[in-house]
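If you read the sequences in order, they're chains A and B. Here this note's numbering is used: position 315 in the first sequence is 319, and no number is missing along the way. Here this note's numbering is used: position 275 in the second sequence is 305, and no number is missing along the way.
Derived by calculation from the structure, the hints in this document are not laboratory data. Idealized CB from N, CA, C, for every residue including glycine. Treat the hints with care, as some may be off.
Unchecked claim - Only some residues are given here: those of chain B computed to face chain A with a beta carbon under 8 Å:
{"no.": "1", "residue": "Leu41"}
{"no.": "2", "residue": "Pro43"}
{"no.": "3", "residue": "Val46"}
{"no.": "4", "residue": "Ser137"}
{"no.": "5", "residue": "Pro252"}
{"no.": "6", "residue": "Ala255"}
{"no.": "7", "residue": "Gly257"}
{"no.": "8", "residue": "Ala289"}
{"no.": "9", "residue": "Gln292"}
Residue-level listing of the chains:
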Amino acid sequence: MTAIAIRNGHLIDPAAGVDAAKDILLKDGRVAEIAGPGKLKMANGAEVLDATGLTIAPGLIDIHVHLREPGQGYKETIASGTAAAAAGGFTSVAAMPNTTPVNDSPEITRWMQAPERGASARVFPIAAATRGSRGEAVNDFAALKSAGAVAVTDDGRPILKDSVMREVLSAAARTGLCVIQHAEDTRITQGASMNLGPVSFKLGLRGMPAEAESQIVERDIRLVTELRDARAHLHVAHTSTAAAVAAVRQARRNGLRITCEVAPHHFLLTEEHVGFYNTHAKMNPPLRSAADRDAMIEGILDGVVDAIATDHAPHAAHEKEVEFEQAPNGITGLETALGLSIQWLHKEWKMPLGRILSLLSAQPAALLGLKNRGTLTIGSYADVVVFDPRAEWTYRATDSKSKAKNTPFDGWTMRGKIRWTISEGRLVYTGA
Amino acid sequence: MNVAAAVRRPLHPPPVPASPFPYHPGSLLSIMDLTVEGVSHILERATALEDMDPLKRDDILAKRRIALLFYESSTRTRTSFELAAKSLGADTTLVSNLSSSIEKGESLKDTGLTLRALGAEAIILRHNSSGAAWLLEESTHLPVLNAGDGMHEHPTQALLDLRTILTHLRDGATHVTPETLAGVTVTITGDILHSRVARSNMLLLPRLGAKVILCGPKELLPEIAIGAGPGIEIERDFEAALRRSEVIMMLRIQAERLAGLQLDLQEYKTSYQLTGQRLAALAPQAKVLHPGPIIRGMEITAGVADGAQSCILEQVTNGVAIRMAVVERALLSAQQGARA
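With the rest of the complex left out, here is chain A:
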């Protein structure tokens, strides 16, 4: 494997506490050397990337994506989804199991990671917690883990039964896996297609109450409390309500192992962005009130949020060009996460760039136990993103590497332009 030397850039590696001008040498898929500008000793023969004026950071890690394979390749493939990931600076993505069939077996878990999938980023499957994600029979977590699964979830089909969720949490704790819950009490969201509030009333749409999320989070926290001795780890996916963030914050103060993620659309948009039935603003959990959105920003700034995750959910164009209530949930997100985070969290709301990068790499790696990722110390995987943190650009959905174009951020101004993405030493994306 060829070596790559990245010279003259500014390295930010939050996990290692580095924020300085550094050159970095990648060899055999690993970080081989880090030195001051011009000081690399082993770079002979390496391909040189000149990163003058650019930031070098650990490749980004998205712990919540839908790659649609197996079974829904018309929406996205592992190849196209990870190409979009690479274009967005991501070198690792954790893929949700709501495929066709549901990924509830070691076979599918292995299939998703096979080289034949043509992935441009490392794919970490998240396996179904229960058989077929039907919320009844708990899967064999040890077998799934040895096949490569990094967590378990029934994403999109929340586990409602207390007894099943308790069993899932304790089995996962025994196996050393984290349980990811899509927190939604589907018994009170039937037929609903957006957040419940004045806007849903005005639009004549049935709404999902905020309690549908927070009540499941509270129930899960109660179960984790009961399983305290087992050190069960619950991760709340795509947190969207003030009450859910408050519940996580309190649980953490109580010393519980509870983490949460927030998607860019939930810290940027509100139910008002649905406009007149824009299906590119339809996802689950839905865009919430301004107060909820502000609580997401607050949670990110004050540290209760552990990760920014996109919930990248590609759909074919014709699936979204339908009546709002009929449209499937979800938007793409891999190519816009960094640009939106820098534009809004950093430039507008003054969050240090290093903390944003941590939420997009070091913390998600720690959360899922991805060893030697999310940091660029010697011996770590050569997962690197090099970007211009000051460059402004406009996102065009038509230019997306994803098969899908269902984004509410088409035409938005982004800040932070990806120059190179390197996955395990392989140059997988070169930006203009």
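Once you have looked at the hints, place chain B on chain A.
Using the frame of chain A, we list chain B on its own:
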């Protein structure tokens, strides 16, 4: 870092983009598409067209093509739109979900494009899904007239209700201003949650100075309704609302949209049925409106429906005049060139 201070500092979040709708100036998707002046224009044209010699009127849209696309059954709205379009000389064609390729799974977008390819110059859409009219307009860029979309809006109903109210309370005035209905209280009673008629009326009437009282039980009238717009209040006590009302608009309970909602109908009738006794005692001068279909003995007694204060059939008649004006607007705005 002082986190609390960082959070309390005002955050300027991304703005909500301006709506691109309506794409076509002839469209009527929401009652909010019309300015007060635009409402006046429709009222004036409704009267002018109604008074016109039918043979002359026949030339206005002679041989123009209008499609009626109906995904829900309808008596009043469909017939009056059809009569209105035909009175102006237009050719109309009706496509209903039960006897078309919609049954075979054709999407709304494709159905709209097909109608356009067949020469339709405007589409009148009734659909069971909220927002369908917006999707159709975006897909076809034709003038689209919203004849009721799910639980959302029914703008021509609000206009014909307004015409009915003006006939009785303002001598049939056709020119309206933000003060025209000052001092008038309109109570809308019943299944507000599922009612597109209620939504269009509660958005229109306050803009002309009226006070709108929404009345009904919590299951059919959630508190969030108050946020729909200015000039709206909620009164759960029907009799208290009646005492204050010049106009009483009754609504049918939409059994087809209850979606598992449990409602004690006997209790509902006890609290909210408009009876002759209540009307005589509490609102002897008020006008009674109902968009239909009425369920006699449910939300309204037969005596009240047929009584002297009832304007229910007048509303139906006004529907034709209003829809003539709206159909004319759809096609004549088109001649001045679409915006998109």
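Taking the hints in turn, this is what the structure says about them:
no.: 1; hint: Leu41; result: 6 Å, holds
no.: 2; hint: Pro43; result: 7 Å, holds
no.: 3; hint: Val46; result: 5 Å, holds
no.: 4; hint: Ser137; result: 6 Å, holds
no.: 5; hint: Pro252; result: 7 Å, holds
no.: 6; hint: Ala255; result: 6 Å, holds
no.: 7; hint: Gly257; result: 3 Å, holds
no.: 8; hint: Ala289; result: 6 Å, holds
no.: 9; hint: Gln292; result: 14 Å, violated
The structure is inconsistent with hint 9 alone, although it conforms to all the rest.
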